[in-house]
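Start from chain L and add chain G according to the hints.
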Amino acid sequence: MSTSVDKTRTRPRSNSAGAKLSRFMESPKIGWVAFAIALLMPFIIATPYALNVMTTAAIFVLLASGLNIVVGYCGLLDLGYIAFMAVGAYTAGIVAKSFQLPLLFTIPAVIVMTILAGLIIGAPTLRLRSDYLAIVTLGFGEITRITANNLSITGGPSGIFGIPGLLEIGGIDLQEPAIFYYVTVVVVALFVLAAARLGKSRLGRAWRFVREDEDAAEAMGIHTYKVKLMAYIFGAIWGGFGGILFAAHLTAVSPQSFVFLQSALVLMAVVLGGMGNMRGVVIGALVISLLPELLRDLSDYRYLAFGILLVVVMVFRPQGFWPARGFEPERPAPNEAATESEPAPPKEAIR
Amino acid sequence: MTAVLEVKDLQIGFGGVKAVDGLSFSVHEKEIIAVIGPNGAGKTSAFNCITGFYKPTAGSVTLKGQNITGKRPADIAAAGVTRTFQNLRLFPDLTVLDNVRAGMHLYGGQSWFDAILHTPRFRRSENRYSDEAHHWLDFVGYRGPRGVPIRNLSYGQQKQVEIARALARKADLLLLDEPAAGLNFSEKQVLLSLCRRIRELGTAIVLIEHDMGLVMELSERIVVMNFGREIADGTPAEVKANPAVIEAYLGKDDEEVPSHGDA
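From first to last, the protein sequence lines are chains L and G. For what it's worth, our numbering labels the leading residue of the first sequence as 1, then goes sequentially. For what it's worth, our numbering labels the leading residue of the second sequence as 1, then goes sequentially.
Excised from the complex, chain L in its bound form (with noise of 0.2 Å):
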């Protein structure tokens, strides 16, 4: 065993341009690299209808990073999770024009709201496990949408329009569309961020552990029940905040922005992206948002050569864009005072 260790203490101080590139790419660096790119993106192109696309796009990472909370770190397969969207736009869209608020004061409400829904979803399905889980999240996604089109709060089939804006301030509108690229770059990028952080903490390890083997997780004193509901209720938290900016940038809110195409395409940018690891969920979402627009030459066959790459990508790499890697640094020097606690074992006998 001893030619494994030497070989995992010497890879990350090999100097090859792959592996100073792939030491970047793990680095925190590459997230400030995306940001910044993200920020410079409406100088290079800013028609109304890039603005437009990117700004959708952009709301879309913020719907796969709350996702991969609930399925790449948990485990827990939703297929409905833009239903979290939906009470989340809807929430705001409801409070704000019923008491003519900017919508950025809507966010109590729809956190209140996110966490209810996140608990009604959560609790009854605790027990649980992937198959029949993702039957009752399907389900939940389609009660969720039909009680909207179906209710007069929601607005039926039409839904809900000429919901305020974000806010207005010393006469600048976050509404104006360059400026509420920038606000909703910022936002997701700060809700990625924690997101990722959540994943390197002691409750993303608990989450890890319960997606790996929940009995083993129990022995260890894990409560799995909380740890499955903090899972989902951070999902929620995410979807809603996901669903204050969809309201915000389309002014309106209707059921058919909520059906099935839309959790499964928040799921195909998870599963594409490589499950567990936001960076790779980042630009899941990225492709699967920004693709169908790049393929717009293609005309009617535009999703026809979407779902081709869709299928080549899975075939050819199953684990995603950017998996998981499941890697961390070894100790730099062995710790000498630990030895002295292990007196007994001999080392060949360790093997």
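It is possible that part of the hints are untrue.
Rough simulated footprint, nothing fancy, chain L against chain G, three-plus residues with beta-carbon under 8 Å [what the hints assert, rightly or not]:
id: 1; stretch: 59–69
id: 2; stretch: 76–88
id: 3; stretch: 110–116
id: 4; stretch: 142–150
Computed cross-link-like contacts, DSS-like style, restricted to lysine-lysine with a CA-CA straight-line distance of at most 27 Å [claimed, not checked]:
id: 5; chain 1: G; residue 1: Lys71; chain 2: G; residue 2: Lys8
id: 6; chain 1: L; residue 1: Lys226; chain 2: G; residue 2: Lys55
id: 7; chain 1: G; residue 1: Lys8; chain 2: L; residue 2: Lys226
Hints in this document: simulated from the structure, not taken from any laboratory. Keep in mind the model is a prediction, meaning the values are calculated, not measured. In this text, a Cβ means the ideal position worked out from N, Cα and C, and glycines have one as well.
Just chain G now, kept in the frame of chain L:
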């Protein structure tokens, strides 16, 4: 001496089968107890009852005077019981260090809020998790790579990590389910000395084991089970001489009477 664990008249049945039928034993501080018996005797079922994975149909389990019968596994772990599994139950895609960190979940030390903001509290607690993970890996004598997914490691190394994970829980009682299965002679010697060092930490050990050499050498007392029933409880010497135990392991000698007559 206070009893760390007290099992009284434990019973569990699945349908008509009584997997465990009236098991009673107690474990005192710094004791090493072995539970032995033929395959299917109910040893692992008894472990699962003690750790809350099965709800016993009758009987009681008391840990340091606290009744833990039928509680959730997580609550029993929090009360101070830690265990390994018969067939390794590690987290295969996670690193060796993360696997050991699982045993430290109950240390707490940070909230999700700390994690999002990367507060000093968060950094302190993460450093502690890492330091202790290394400490426990050193303690069990683990020498393999630590930052790689655990499924890439050999069986022997995975067994070591599973014990390190259980130890990281710092519980009063450690249940080992067949810790020596699949180990070679020298690895068993290492395990033997490891168990003794664990006892020095103040942790009592109950182990299920089929390797009689190891059991006889290591344990202060042995509980023998057969068909869910407890058939003996005593020191290794007493158990070795117990006719019921010999019968359970070797079977009743039907030829005994005629052969005796021949001689």
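Going through the hints against the structure:
Counting residues of the stretch 59–69 of chain G whose beta carbon lies closer than 8 Å to any beta carbon of chain L gives 0, which falls short of the minimum of three for the stated coverage. Counting residues of the stretch 76–88 of chain G whose CB falls under 8 Å from any CB of chain L gives 5; the rule of at least 3 is met. Residue count for the stretch 110–116 of chain G with a Cβ under 8 Å from a Cβ of chain L: 5. That meets the three needed, and the coverage hint holds. Counting residues of the stretch 142–150 of chain G whose C-beta sits closer than 8 Å to any C-beta of chain L gives 8, which meets the bar of three, so the coverage hint holds.
With a C-alpha separation of about 16 Å, the suggested pair Lys71 (chain G) and Lys8 (chain G) falls inside the 27 Å cut-off, and the hint holds. Taking the CA atoms of Lys226 (chain L) and Lys55 (chain G), the gap is near 21 Å; set against the 27 Å cutoff, the hint holds. Of the pairs offered as hints, the one joining Lys8 (chain G) and Lys226 (chain L) is violated, with about 31 Å between alpha carbons and a cut-off of 27 Å exceeded.
Violated hints for the displayed structure, listed by number in ascending order: 1, 7.
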